[in-house]
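Undergrad: The lines below spell out each chain.
There are 4 protein chains.
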Amino acid sequence: MQRLSRFVPSSSRRVTDLKDALWSGSLTFQHALSTFAADENTSGRKFASYTVFKGKAALSMQPILPSFSKLESGGSRVNKNGSVMLTFFPAVGQRKYDYSKKQLFALSPTEVGSLISLGPAESCEFFHDPSMKSSHEGQVKKSLSVTPLGNDSGYFLNITVLNNLQKTTERLSLPISKAEFTVMRTALSFALPHILGWDQALTNHQPSPSPASKPRVERPHPDSEWER
Amino acid sequence: MQRLSRFVPSSSRRVTDLKDALWSGSLTFQHALSTFAADENTSGRKFASYTVFKGKAALSMQPILPSFSKLESGGSRVNKNGSVMLTFFPAVGQRKYDYSKKQLFALSPTEVGSLISLGPAESCEFFHDPSMKSSHEGQVKKSLSVTPLGNDSGYFLNITVLNNLQKTTERLSLPISKAEFTVMRTALSFALPHILGWDQALTNHQPSPSPASKPRVERPHPDSEWER
Amino acid sequence: MQRLSRFVPSSSRRVTDLKDALWSGSLTFQHALSTFAADENTSGRKFASYTVFKGKAALSMQPILPSFSKLESGGSRVNKNGSVMLTFFPAVGQRKYDYSKKQLFALSPTEVGSLISLGPAESCEFFHDPSMKSSHEGQVKKSLSVTPLGNDSGYFLNITVLNNLQKTTERLSLPISKAEFTVMRTALSFALPHILGWDQALTNHQPSPSPASKPRVERPHPDSEWER
Amino acid sequence: MQRLSRFVPSSSRRVTDLKDALWSGSLTFQHALSTFAADENTSGRKFASYTVFKGKAALSMQPILPSFSKLESGGSRVNKNGSVMLTFFPAVGQRKYDYSKKQLFALSPTEVGSLISLGPAESCEFFHDPSMKSSHEGQVKKSLSVTPLGNDSGYFLNITVLNNLQKTTERLSLPISKAEFTVMRTALSFALPHILGWDQALTNHQPSPSPASKPRVERPHPDSEWER
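Chains as they are written, first to last, in UniProt numbering: chain A, 1 to 228; chain B, 1 to 228; chain C, 1 to 228; chain D, 1 to 228.
Since no wrong hints were added, every one of them can be taken at face value.
Have a look at the derived ranges for each label pair, beta carbon to beta carbon:
no., chain 1, residue 1, chain 2, residue 2, range
1, D, G55, C, E170, 53 to 61 Å
2, D, E137, C, V92, 19 to 27 Å
3, A, Q166, C, F156, 55 to 63 Å
In short, the hints are calculated from the structure, not lab data. No residue lacks a Cβ here, since even glycine has one placed at the ideal position from N, Cα and C.
Just chain A, same shape as in the assembly (with noise of 0.2 Å):
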């Protein structure tokens, strides 16, 4: 098997200056990430994604961190699973994307799992109901399907959201490469272990016992196992 990537510009990698100098509209994919980021009091946090341009559309793959709340002893927890957040725009021009017409997909830590397993023939799909367990089930809904192009050379994503109330469907979808693929599924097995929190937990070392002293116990450890 062949694969070819004809001629990318070295330039292509600087992404901000393709974009400056491609995308139209009062509205760029540069600015829109601006804003996003402007709306959270975030200062010292950093932003990092992976995209994929295509013909149609485009995608765009972010981490976002769990969260911790505090414990009475002093120590602190996850309350809330972090997630990779999908974001699709559609093209309206060469090269040119519309990122007001973004639609959302966040994936959960198990939807993470199904996505880094999914083999070369394999589909998989995802809903997601905004307003489950409320009044409003049923009116939003989203789904993600991941399909094979066929031979082992990737797989065709496509984003639909049915809005009953509003009586429209929006559609956008993208071929992704094998290697492009390969990107987001090793991104996304990095991304596991932090989104879940576990990076935290196993990083957040004490400092060494003394010599001197016995160490106390500062952990949960395999003995709690025979504690009951």
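With chain A held as given, fit chains B, C and D onto it using these hints.
TA: Just chains B, C and D now, with coordinates in the frame of chain A:
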């Protein structure tokens, strides 16, 4: 193959809220976790888990750090490996779980290795005896079995605790989907070097040597292979 | 299958000493690397690579960080992805290499994804045109091809630089064993989330909220999926 | 396939206690490790390993950091790769091991790559000659062979040290289960980027640029591909 996860609400990711709304009884999972952590003097410690709720039981998985002891040289060395604690607790109604009836099983590094290398059609079983090498050996026996659901769709986990003294046998079991097991496998693979303390051994970097002075050998190095 | 690596001396791991002893010419690899780094204002920066020396050429692989730009909110965002720089340089004698004749090829994140998902019998080829979108488009064309050696024993890497203006074509190639490619694949997989900036987005943790105050929302979170 | 690990006691995870109780002789593993570390000026350094105890021998695996040297620019560069040290020591009774008869084998990055890509039915063998390129070349030869146990159940590790001067040949070998080899593979994969220094090159982040000033180029970047 088509895998579906139907209309998961966004609020399902708000673990606390879901449980606040749905759980009953004087001892909630929320409360139990707080109590669990409060037992330890753990100011500054962070806790994270991955929890799967099923019809008859739930399973929570939590990484536990290794402990270090000081060396006379001033450095420190792992004196007890960490583990990954599995906590099973039974359902006592629809989406209600009784955390007070929990069963614990602490996976050793090698047991973690067994789980993450488990093939789609393979089984494994671990046996723990809390009283081994004591006069009470054999009084309580715990076993954890992991068996395939078939068609590469996940595994069935079963914990059995046999108490020969009290003449009781307690069993808790639940199915784990392929996506959920992938989350577990990814989180376990991430945790493994950490519960062995390798991350601390590998990232506890010395300051760079100054250009003026020849660096002293401050680490055990490959040449010690030849020093006999 | 039996793979042998015959009597590698321990001193071969002393990269500098080996080269000091064996290399000649006024411009050594050692010197070149120092010069390379000295070109940058990089006090405090650390440089690491993975280098494979073969009969006709050597290949060095070095990760390059993304750059961030400040947002008005006070946070920052990746404005240029990092990459993994491949440096090929020709042998000019037995274990002598001329670093001044080096050829560079910077792998983008998606090209990294292509390499790490490459099957044992698969090939891939990347094309770069430094002058794309300028009036000099097509004057210089670089291509990197990766083709299997056969029998799952590794790959053959070939870089070709075609200069239409100078009417020159330069080629450098070398075989990479399965073990060496595994090092490259493992290092590339490790590097990928970092060159996208995901490690910085995921580990730049906020301080824990205090128990007294309800935490403000300080991060983009999954609920924003529903905010349209 | 069914894999069993029968009644492992929880106390087996208390490595020190087990050895305190079971080992004899004036030089215990515990003591040896302390001595080993005390040889170095290593205040603040942390040591971690993964050790497998079998009937005729034990094997301990320990990661070793690379060393850096200062550049004139103020940055630093790896001047010697790290490694993963394998330490074999013989059993001298039931669960008694003589650490003074240890044999060492330091795996280079490429040898680590060979091990982590080893297929279930594949073998590999490494040869080290501590005196290579000296007048003593060939006097001592070390070899490490890894051969499959069959049925995807693990590997047999054998170290042979042939001393032509002393006319001695020492051999130590032990079986490694699939689960144990998975721990080794996972720990080696984690260690590999660290022994190459890539983690330090990739996480030694510069402070974010200020919004007012255009960021200076402070890193080697992909554009240098085009600078020739």
